[in-house]
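Asker: One letter stands for each residue in the lines below.
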Amino acid sequence: MLSAVALSGAQGPERVNVLTTHGDVENSGRISAAPTVQQRLRAAALPSRLVLAVLLVAASPLAYGVTTEEQVRFGLIVAFGWIPVASLWAAVAGRHPSIYADAVSLAIDLSLLVIVQLSLAQSPAVVIVAHLLIVAFYTYLDGRWMGVIAGLAGVVVIAAAVRTANTRSLAGFVLVTYPVMVACLAWLLDAAATEGSSATSRVLRLHEKSDAILTGAAEALMVTTNRGRISEWNRAAEETFACPRSKAIGRSCSDVIGLHVDVRALDCSSGCAVLELQSGHTSGAPEDVELWRTSPTGQRQPLLATALSVVGDDGEAVEIIHSFRDVTKLKHADEAKTLFLATASHELKTPLTVIRGFSQMLLAPDTKMSPDERQIALHAIDARATQLTTIVDRLLLSSRIEAGQIDLVPEDVNIRPIVGDLATGVRAAMARDITVELDDDVPALWVDPAAFATVVDHLLDNAVKYSPGGGDITVVVDVVDDDEVEVLVTDHGVGMTEEQTRLCFERFWQAELSDIRRFGGTGIGLYIVRSLVEAMRGRISVESAPGVGSTFRVVLPRADRVVADLTGEPADEHGRGDRSIIREYMRQLGVRLDSPG
Amino acid sequence: MFIGMTSVSFLVALFNTALGVVYCCYGLITILDMKRGWRTHGFSHFGAAWIAMAFTCGPHHLDHGLHGFVSGRDGGLLDLVTILIGFVPGVIWFLLRVEALWGGRGDRFISGTPAWLEALPTFFASYTAGLIAWSIWTVDPSDVFTPRIIPNLCLVGLYAAIGSVLLRTQVRNHPMIGGWSVSGISLAAVMYTCALMHGVFALYANSGRYYLDWHSAVIDVVAVPAACYFLWVTYSLYRGSIRDWNASPSSTVARTTSEARTDADLTRVT
Numbered sequence: 001m002l003s004a005v006a007l008s009g010a011q012g013p014e015r016v017n018v019l020t021t022h023g024d025v026e027n028s029g030r031i032s033a034a035p036t037v038q039q040r041l042r043a044a045a046l047p048s049r050l051v052l053a054v055l056l057v058a059a060s061p062l063a064y065g066v067t068t069e070e071q072v073r074f075g076l077i078v079a080f081g082w083i084p085v086a087s088l089w090a091a092v093a094g095r096h097p098s099i100y101a102d103a104v105s106l107a108i109d110l111s112l113l114v115i116v117q118l119s120l121a122q123s124p125a126v127v128i129v130a131h132l133l134i135v136a137f138y139t140y141l142d143g144r145w146m147g148v149i150a151g152l153a154g155v156v157v158i159a160a161a162v163r164t165a166n167t168r169s170l171a172g173f174v175l176v177t178y179p180v181m182v183a184c185l186a187w188l189l190d191a192a193a194t195e196g197s198s199a200t201s202r203v204l205r206l207h208e209k210s211d212a213i214l215t216g217a218a219e220a221l222m223v224t225t226n227r228g229r230i231s232e233w234n235r236a237a238e239e240t241f242a243c244p245r246s247k248a249i250g251r252s253c254s255d256v257i258g259l260h261v262d263v264r265a266l267d268c269s270s271g272c273a274v275l276e277l278q279s280g281h282t283s284g285a286p287e288d289v290e291l292w293r294t295s296p297t298g299q300r301q302p303l304l305a306t307a308l309s310v311v312g313d314d315g316e317a318v319e320i321i322h323s324f325r326d327v328t329k330l331k332h333a334d335e336a337k338t339l340f341l342a343t344a345s346h347e348l349k350t351p352l353t354v355i356r357g358f359s360q361m362l363l364a365p366d367t368k369m370s371p372d373e374r375q376i377a378l379h380a381i382d383a384r385a386t387q388l389t390t391i392v393d394r395l396l397l398s399s400r401i402e403a404g405q406i407d408l409v410p411e412d413v414n415i416r417p418i419v420g421d422l423a424t425g426v427r428a429a430m431a432r433d434i435t436v437e438l439d440d441d442v443p444a445l446w447v448d449p450a451a452f453a454t455v456v457d458h459l460l461d462n463a464v465k466y467s468p469g470g471g472d473i474t475v476v477v478d479v480v481d482d483d484e485v486e487v488l489v490t491d492h493g494v495g496m497t498e499e500q501t502r503l504c505f506e507r508f509w510q511a512e513l514s515d516i517r518r519f520g521g522t523g524i525g526l527y528i529v530r531s532l533v534e535a536m537r538g539r540i541s542v543e544s545a546p547g548v549g550s551t552f553r554v555v556l557p558r559a560d561r562v563v564a565d566l567t568g569e570p571a572d573e574h575g576r577g578d579r580s581i582i583r584e585y586m587r588q589l590g591v592r593l594d595s596p597g
Numbered sequence: 001m002f003i004g005m006t007s008v009s010f011l012v013a014l015f016n017t018a019l020g021v022v023y024c025c026y027g028l029i030t031i032l033d034m035k036r037g038w039r040t041h042g043f044s045h046f047g048a049a050w051i052a053m054a055f056t057c058g059p060h061h062l063d064h065g066l067h068g069f070v071s072g073r074d075g076g077l078l079d080l081v082t083i084l085i086g087f088v089p090g091v092i093w094f095l096l097r098v099e100a101l102w103g104g105r106g107d108r109f110i111s112g113t114p115a116w117l118e119a120l121p122t123f124f125a126s127y128t129a130g131l132i133a134w135s136i137w138t139v140d141p142s143d144v145f146t147p148r149i150i151p152n153l154c155l156v157g158l159y160a161a162i163g164s165v166l167l168r169t170q171v172r173n174h175p176m177i178g179g180w181s182v183s184g185i186s187l188a189a190v191m192y193t194c195a196l197m198h199g200v201f202a203l204y205a206n207s208g209r210y211y212l213d214w215h216s217a218v219i220d221v222v223a224v225p226a227a228c229y230f231l232w233v234t235y236s237l238y239r240g241s242i243r244d245w246n247a248s249p250s251s252t253v254a255r256t257t258s259e260a261r262t263d264a265d266l267t268r269v270t
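Residue numbers (the numbering used here), protein chains in the order written: chain A, 1 to 597; chain G, 1 to 270.
Heads up, some of the hints might be wrong.
Chain A residues, not near chain G, derived (Cβ > 12 Å throughout) [said to hold, decoys possible]: (1) Gln71; (2) Ser269; (3) Thr389; (4) Leu397; (5) Asp457; (6) Asp482; (7) Asp483; (8) Ala559.
So the derived label-pair ranges between C-beta atoms look like this [claimed, not checked]: (9) A/Lys331 to G/Val221: 50 to 58 Å; (10) A/Gly65 to G/Asp143: 15 to 23 Å; (11) A/Asp481 to G/Trp137: 36 to 44 Å; (12) A/Leu204 to G/Asp74: 52 to 60 Å; (13) G/Ile150 to A/Asp482: 26 to 34 Å; (14) G/Gly240 to A/Ala242: 40 to 48 Å.
No lab work stands behind these hints: they were computed from the structure. Glycine included, each C-beta is placed from N, C-alpha and C at the ideal position.
Please construct the entire structure, taking both the sequences and the accompanying hints into account.
Answerer: Below, the structure is given as structure tokens:
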């Protein structure tokens, strides 16, 4: 029955609205105007009729004094007579809604009451109660006159009920008073509906709007009572403060988030401290207050906060709406950019100083340089110009990655010559001992050859740079499983701490400020490596220990395991590229899937 | 073995055995898929829940079928009807799964809402009401309630609820995609017809026509938590409150990249 109700509910946009719950809005990200009471009733009519009919059949064995044959006959009439007719007419009325269509629907609905009464011979009380519901329903649907018609038409049913139940003593009373009662009820219902529907719609819309804003806001939103107890806690707040809604609601805000300003903990015991801090600002609009807290991992978490009070009838604040923005990443990015400017300036200036110095010497009219010295100067200028070109190339590549402008073309690539050539090049240029372990049976990879070469080149460059003592560097290529191949680049250099391994793939990051001077570089090499690897549907990780060295592990897909989509459409769109039956199955059930890579 | 069986009993036993084998096979395939994708995607609640369902529904039908063939259980006509009606969406769904396993689409798209699809709720309502009427005819008023059928009655509600969640997912997507997924709709129908099938099974078990021995009872008891788990997973996916293999490997990788140090399996030091 439930499935029937759900499918019936999808016959038109207004029917979808009926079934749209708070969660639907969350998931679909679609906010529709709240349907009117009439729309909701009309949409719910068919599913309700079907559920009611099946329930009546299921409840028929409970009828007192009715034979099994009568119960079965009732069930069969409802199943194969009333349900199809009611559904068919609901479909017609849905396509051509009019007051006449509703009048026929009324007749069909009343016929169910007649069938109940005649088949199950119940007391008329059952029919009277059901009839009141029908009157209310049609009054809401089409207004007071339709309600009156529904009420009068019910008289026939009531008369039949009284007759079959043999309760003659009630007959006169019911026949006289019932139409009056029904007319009054219809009048009252219509008046209430007219007055209430617009207000209800407005409140519903506001409610849904505030729910959608609260749920969908990217900032952490917390609503507290005037006594500092948390009453609302949105999804972003759960993420920002790493605290589920269930644990936050009802608790004091200082217990849950523990805010600080400078070195002082905020005290909310005598009112909202954020509001107090804001009141120091003279401008009208609330301004951000910079606060911080200690995150569950023990780190300082900088936040920008605002607070607004909701004032009650007595002019006192009844609720306070807080908004928090986690600016940890912004702070890090700001620090990283400052550091990058210093680093890049230094990295660019060093070769430029050499170039400028030698070129001035060569251009000086009274230079007394020998031909050998001139040759040395020209080589130095060439080497520094090459160094400059490399730095600028990396900066440009980093900018293109950031802007999403790199177009990789994966293909079937034999990586043996690429890894071999790069290792040989570094070995010759840097005079370092590089061991390559690459089995003959390593399969081809599904990668962009230029991007793969850049990845290995950067990792080798990194290994050389951070092992100034000259330790061995090893490159191992191995098959991980049926689907993937790993490339391990290991050095025995300075290594990294746990914190450094966590951050090393971030843009502009370098292990230590002093490393800029010790090792040079702009801090974007590993960022480029990570971006290229992930763009080729691979993954990268690192294991390192200070003073021991580092191992970078790149895992990339095998060419023979990737199903090429010859149509050019995204493979996941029609499931051919995604070989997991679980993912495929979820996709067909309507669960939204991310792209497979 | 088949001598003395009525044609109804034979068909009930045959269809149930076939269903049991199909469920178990599909459970095995899902296990293999989970094993293959574990490294990339991690644990899948959806996969685990489906395996749990397959290995409780499968044994239930196998047990029912084998009782028909071996113990001579007298199959009821109501049971046969529910199986036959459930078989239609079941066969559609299973053929689509087979097609997907062979690298095909594994699904069909129905554009808009054609009249026959619009009539399906009415059909199922009539079918349910008719089935109840027929059940009333079948029930002996002198039958005493047997507590052993409680798991089956729970399964009626749970499977109907799962079908409803699956269908609501389709209903939610309908305005965005402008149509329906045959695979999704047929599975929702399968769950609903399964619910009715268990209702009829409970009816016959209560009347003593289907004797519930200890292994049948154990299978049905285990099926209840399995169905609860599947309901939780499907509802959570519908609400978007859990991330399963619907999350791309890259988002998982982004996490493992930054947390690689904690993942000893993923990082090998040479």
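Asker: Please go over all the hints and tell whether each is borne out by the structure.
Answerer: Each hint, compared with the structure:
no.	hint	verdict
1	Gln71	violated, 5 Å
2	Ser269	holds, 35 Å
3	Thr389	holds, 30 Å
4	Leu397	holds, 19 Å
5	Asp457	holds, 20 Å
6	Asp482	violated, 8 Å
7	Asp483	violated, 8 Å
8	Ala559	holds, 17 Å
9	A/Lys331 to G/Val221: 50 to 58 Å	holds, 56 Å
10	A/Gly65 to G/Asp143: 15 to 23 Å	holds, 20 Å
11	A/Asp481 to G/Trp137: 36 to 44 Å	violated, 59 Å
12	A/Leu204 to G/Asp74: 52 to 60 Å	holds, 56 Å
13	G/Ile150 to A/Asp482: 26 to 34 Å	violated, 46 Å
14	G/Gly240 to A/Ala242: 40 to 48 Å	violated, 19 Å
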